[in-house]
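Keeping the supplied structure of chain U fixed, place chains S, H and R upon it in accordance with the hints.
Chain residues, written in single-letter form:
There are 4 protein chains.
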Amino acid sequence: MKKIGFLGMGLMGSRMAKNLAVKGFTVHGWNRTPARVTELAGAGVIAAATPRALAAEVDAFCTCVSDPAALREVALGPDGLLAGAKKGQLFIDFSTVSGELTQQLETEFGARGVDFAEAPVTGSKNGAEKGTLVIMTGCTPQTFARCQPIFGAVGEKAIHCGPVGAATQVKLAGNVLIAAMLQGLSEGMLLTAKAGVDVRKLLEVIAASGFRSPYFDFKGKAILERDFTTHFSIDLMHKDLGLFLDSAAAQQVPTPTAASLRETYNLARAAGKGDLDIGAVITAFEVLAGTRIV
Amino acid sequence: MKKIGFLGMGLMGSRMAKNLAVKGFTVHGWNRTPARVTELAGAGVIAAATPRALAAEVDAFCTCVSDPAALREVALGPDGLLAGAKKGQLFIDFSTVSGELTQQLETEFGARGVDFAEAPVTGSKNGAEKGTLVIMTGCTPQTFARCQPIFGAVGEKAIHCGPVGAATQVKLAGNVLIAAMLQGLSEGMLLTAKAGVDVRKLLEVIAASGFRSPYFDFKGKAILERDFTTHFSIDLMHKDLGLFLDSAAAQQVPTPTAASLRETYNLARAAGKGDLDIGAVITAFEVLAGTRIV
Amino acid sequence: MKKIGFLGMGLMGSRMAKNLAVKGFTVHGWNRTPARVTELAGAGVIAAATPRALAAEVDAFCTCVSDPAALREVALGPDGLLAGAKKGQLFIDFSTVSGELTQQLETEFGARGVDFAEAPVTGSKNGAEKGTLVIMTGCTPQTFARCQPIFGAVGEKAIHCGPVGAATQVKLAGNVLIAAMLQGLSEGMLLTAKAGVDVRKLLEVIAASGFRSPYFDFKGKAILERDFTTHFSIDLMHKDLGLFLDSAAAQQVPTPTAASLRETYNLARAAGKGDLDIGAVITAFEVLAGTRIV
Amino acid sequence: MKKIGFLGMGLMGSRMAKNLAVKGFTVHGWNRTPARVTELAGAGVIAAATPRALAAEVDAFCTCVSDPAALREVALGPDGLLAGAKKGQLFIDFSTVSGELTQQLETEFGARGVDFAEAPVTGSKNGAEKGTLVIMTGCTPQTFARCQPIFGAVGEKAIHCGPVGAATQVKLAGNVLIAAMLQGLSEGMLLTAKAGVDVRKLLEVIAASGFRSPYFDFKGKAILERDFTTHFSIDLMHKDLGLFLDSAAAQQVPTPTAASLRETYNLARAAGKGDLDIGAVITAFEVLAGTRIV
Chain U
187 MKKIGFLGMG
197 LMGSRMAKNL
207 AVKGFTVHGW
217 NRTPARVTEL
227 AGAGVIAAAT
237 PRALAAEVDA
247 FCTCVSDPAA
257 LREVALGPDG
267 LLAGAKKGQL
277 FIDFSTVSGE
287 LTQQLETEFG
297 ARGVDFAEAP
307 VTGSKNGAEK
317 GTLVIMTGCT
327 PQTFARCQPI
337 FGAVGEKAIH
347 CGPVGAATQV
357 KLAGNVLIAA
367 MLQGLSEGML
377 LTAKAGVDVR
387 KLLEVIAASG
397 FRSPYFDFKG
407 KAILERDFTT
417 HFSIDLMHKD
427 LGLFLDSAAA
437 QQVPTPTAAS
447 LRETYNLARA
457 AGKGDLDIGA
467 VITAFEVLAG
477 TRIV
Chain S
187 MKKIGFLGMG
197 LMGSRMAKNL
207 AVKGFTVHGW
217 NRTPARVTEL
227 AGAGVIAAAT
237 PRALAAEVDA
247 FCTCVSDPAA
257 LREVALGPDG
267 LLAGAKKGQL
277 FIDFSTVSGE
287 LTQQLETEFG
297 ARGVDFAEAP
307 VTGSKNGAEK
317 GTLVIMTGCT
327 PQTFARCQPI
337 FGAVGEKAIH
347 CGPVGAATQV
357 KLAGNVLIAA
367 MLQGLSEGML
377 LTAKAGVDVR
387 KLLEVIAASG
397 FRSPYFDFKG
407 KAILERDFTT
417 HFSIDLMHKD
427 LGLFLDSAAA
437 QQVPTPTAAS
447 LRETYNLARA
457 AGKGDLDIGA
467 VITAFEVLAG
477 TRIV
Chain H
187 MKKIGFLGMG
197 LMGSRMAKNL
207 AVKGFTVHGW
217 NRTPARVTEL
227 AGAGVIAAAT
237 PRALAAEVDA
247 FCTCVSDPAA
257 LREVALGPDG
267 LLAGAKKGQL
277 FIDFSTVSGE
287 LTQQLETEFG
297 ARGVDFAEAP
307 VTGSKNGAEK
317 GTLVIMTGCT
327 PQTFARCQPI
337 FGAVGEKAIH
347 CGPVGAATQV
357 KLAGNVLIAA
367 MLQGLSEGML
377 LTAKAGVDVR
387 KLLEVIAASG
397 FRSPYFDFKG
407 KAILERDFTT
417 HFSIDLMHKD
427 LGLFLDSAAA
437 QQVPTPTAAS
447 LRETYNLARA
457 AGKGDLDIGA
467 VITAFEVLAG
477 TRIV
Chain R
187 MKKIGFLGMG
197 LMGSRMAKNL
207 AVKGFTVHGW
217 NRTPARVTEL
227 AGAGVIAAAT
237 PRALAAEVDA
247 FCTCVSDPAA
257 LREVALGPDG
267 LLAGAKKGQL
277 FIDFSTVSGE
287 LTQQLETEFG
297 ARGVDFAEAP
307 VTGSKNGAEK
317 GTLVIMTGCT
327 PQTFARCQPI
337 FGAVGEKAIH
347 CGPVGAATQV
357 KLAGNVLIAA
367 MLQGLSEGML
377 LTAKAGVDVR
387 KLLEVIAASG
397 FRSPYFDFKG
407 KAILERDFTT
417 HFSIDLMHKD
427 LGLFLDSAAA
437 QQVPTPTAAS
447 LRETYNLARA
457 AGKGDLDIGA
467 VITAFEVLAG
477 TRIV
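Protein chains in written order, with my numbering: chain U, 187 to 480; chain S, 187 to 480; chain H, 187 to 480; chain R, 187 to 480.
None of these hints come from the bench; they were simulated from the model. The C-beta atom is built at its ideal place from N, Cα and C for all residues, glycine as well. One or more hints might be untrue.
Stated by the list, open to error - Label pairs and their calculated CB-CB ranges:
hint : chain 1 : residue 1 : chain 2 : residue 2 : range
1    : U       : R478      : S       : T415      : 38 to 48 angstroms
2    : S       : D413      : R       : N312      : 58 to 68 angstroms
3    : S       : G274      : R       : E294      : 34 to 44 angstroms
4    : R       : N312      : U       : F404      : 49 to 59 angstroms
5    : U       : A331      : S       : Q334      : 55 to 65 angstroms
6    : H       : D265      : U       : A297      : 22 to 32 angstroms
7    : U       : P327      : S       : N312      : 31 to 41 angstroms
8    : S       : R218      : R       : E225      : 49 to 59 angstroms
With the rest of the complex left out, here is chain U (with noise of 0.2 angstroms):
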């Protein structure tokens, strides 16, 4: 397994196809906009025409797109992966779509002979970067062995959540929390500041509790300095809570906090931050608040 094909050139998928061309593998890679993949070619990466096309010349490919809509499109479209698809090669999926649509790809890529992993990550545009993602895969234990020297070169941990599906699950259930804890700190941050507080103690207070966490550090510390560069984008949060939600849905659990985080992601879009960073929610609820953090 040397030749690998990576479909989706966005904030993670192009750190990841880097990683793997730097790693030994030859990659050759396609993107919606093809510049995205060109600018890529000084670490060796080969331009494809067509999803298909990619399909027919790899041992193996990736994806990593930002929905269900573009992944139906490039994994089952006319010019799509399983047009080109051959017996015995690997799939692996890294976007975050709903467990519906990546069993209908282990279904119809299976039927041609092809292997499909889940694939969902966290750790966001910095650990795309380093290569030290942790991996959440849904998929056979032949699958996951499988897929060991692909997850090598773009994470530090892959974990096995059990056959396609879980993994999604696993990968919703992670957002949420995310979603939770920073909307905690926002309402908390506001509040704070709006009483004459000044937020930083908040933020030492929370340092040095039982219920610190690298994130809060992380976040605290971008919100304090105004740095929305984008790691995980507000409209991909709000994909990933309507995916949620759908699925508390359909299982009939009842999730009044994740609707409730839905709803302010709703908020922060139409106040046009829809590609701003997570961490800017809480510039959407400044304004509502009529106050600023610092």
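Structure of chains S, H and R alone, referenced to chain U:
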């Protein structure tokens, strides 16, 4: 400052009083239910008949009671501390109440020449036991300096947040964060479990992620083992979320997620779980979702 | 336009089909469970083997099915209406689905020369029975004119909301209103009852007030009598709230109360009440609140 | 019972006092801002220097003030009604406060031989003007009988809800209903408008539906005309939703939709709209949604 009064011998207070005695202070204790003080006789705690009588005996007095009404009674009631207070004493309140009340105490005790500090703590039962609490303080710099020997005996870190009222704001924000983390974890675990995925995988991913926290390890384990020994009760968190929302309403800060969190505690109390640990909120949701985490 | 097809013989559809037959149309019927059509043989409804076969027989066809997936199957599936459709026919969809789907239907049937109108209704079972439904229509003015004979047979008022998609928006907004009214009533009744006050007094005040509505009289009486015969099921309202929230997310409109309403329906479904009338949501909350309205 | 005191000359109180004068009572008035009483001199209202002085002059006294703190001051303050009250008088409170406070008033005035009735009203400014208010009353049957002449002068219907406290519960539930109806309408109008559909169609459908209400006609028209003259202010509704939630928290009744409604009022107040009519909440959401209804 050798003789210290301690009022309120609950989960937190009894452990803090014991630590003060162990560290060499002469401790006079009072509790609404006197038996709790008698139990500490072996640790050297001397029982007082009333808060008023206690105040007449000591250099400084500390309170750690459950809510604003209880604090008002102990501090300002007919047999309360103010009735026995003397110029030059120090009053430290370790309870979590409203900033309005702590500011009123500063004014009324200040008029008698008593220095006042609000000092809500975090670290729950274990921190109180081991003397490793984190103390948030709101008071003048002079009073903060006076408090050091007492803070050193019950906690490992004291953070001066600003004047009286500031520490309450920080403490309430911290509790919203705890509730958000725990509810995010609970909703995630519930959906993961109902979808047929092993929740241990979710905990494993969290522990490996950038949003890991000792709090998730602690509560995740407790939930798996269904150990809901009270470290911080649902009733108390419900009260604190209410105080946060009252403050947010007064300051005109929209806090939708905190509002949704209060409702989950409302629901857990209605389900008869008010005196259990906040970790048990998930058991109320297990009933709603018709599933069990493990 | 004499021969009409009707597909979907649920709570609403069976009554609408019967009214069409009574008013003199020749009605060809189809339902996923054929028995429901046979039951209407006495009323003159002629059973069709498939939607495709039905389409070949009639001048116009109407659908009234439970969700987008069912409509897609009936309209676009291998044995669906499109496969049998002929130039010059009229297609009226009385279901409540998404605007995306109705617009797709307009396009695909339009390409065959079939006029399409979306026509969600309000009035519930009773209105369908008596032919007094209010019909919201989205279509061209020409198609709206063509629909009049059919609309006149099943409803008392047809409101032309705009092009295809517009009526769905209006219908979904109306359902949010219904859910808000009912949940407001339910939360008010629950607290009134648990506080020991006779809930009939609340209903009496509402009926005398400026915010009175026949809906409160209707549902208030049903709740008091614990009559939850299905006029509009919890499952269907849950679906419609989801469609509204999907649309709100796509349009970037924050709708916090609609989001909280969807959670109450999530909860009622998890409690096993999905096929009961929406009035039964309160029974799920009675359990939560540990009280009974009456 | 000829001489009546009226305290609180706001939007509602001034109109009620005037009606009492018009119907033949001798009215003694008091207001925190005395000018409001002077304005009613032409209607025959005699200004009193203090609540205490007023109580000494009359057979019965009525209050209609904005919140619990104001009522406490007027009734129980140093120059309050209790200080001037005499055995055999009647005290009717038309404010909306908490059941705890009205029960306290019943006890304290009862100890002086004064009969007490809580009597919150609905009907807003117009009803107060025309004497067509609906009055909810909590008191003993005997006191209810004594109140009739006064009720008859200011309202068209008085409903005896139970003992003191009961009418407050009913009133608060009614206000939750109003807020739910208005917010449901607002979210529906916002999404309808942003989706490009004429919101007048939504109002037309509502008016033709089984969930129609004079309230939707009234507020729908006001919103279309952007007429936010205060009938019932955002600040007052925010206070009432808070009272409802406090009561729900105390009674352990989960009320998720009421909680979400309070947040919308929080947000509208933060946007500087607190003294506008509740119809103006939608203008705060127009900003959030980046759209205009009309």
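(request) Could you say whether the range 55 to 65 angstroms given as a hint is met by the Cβ separation of U/A331 and S/Q334? (result) Holds, at about 59 angstroms.
(message) Within 22 to 32 angstroms: is that where the Cβ-Cβ distance between H/D265 and U/A297 falls?
(response) holds (24 angstroms)
(message) Taking the Cβ atom of U/R478 and the Cβ atom of S/T415, is their distance within the range 38 to 48 angstroms?
(response) At 42 angstroms between Cβs, range holds.
(request) Could you see if the CB distance from S/D413 to R/N312 stays within 58 to 68 angstroms? (result) holds (59 angstroms)
(message) Please check whether U/P327 and S/N312 have a Cβ separation lying inside 31 to 41 angstroms.
(response) holds (40 angstroms)
(message) Taking the Cβ atom of R/N312 and the Cβ atom of U/F404, is their distance within the range 49 to 59 angstroms?
(response) Given range 49 to 59 angstroms: holds, Cβ gap about 55 angstroms.
(message) Verify the CB-CB distance for S/R218 and R/E225 against the hinted window 49 to 59 angstroms.
(response) Given a distance of about 53 angstroms, which is inside 49 to 59 angstroms, the answer is holds.
(message) Given the hint of 34 to 44 angstroms, is the C-beta distance from S/G274 to R/E294 inside that range or not?
(response) Taking Cβ atoms as reference, S/G274 and R/E294 lie about 39 angstroms apart, which means the hint holds.
Comparing the model with each earlier hint shows no violations; every hint is respected.
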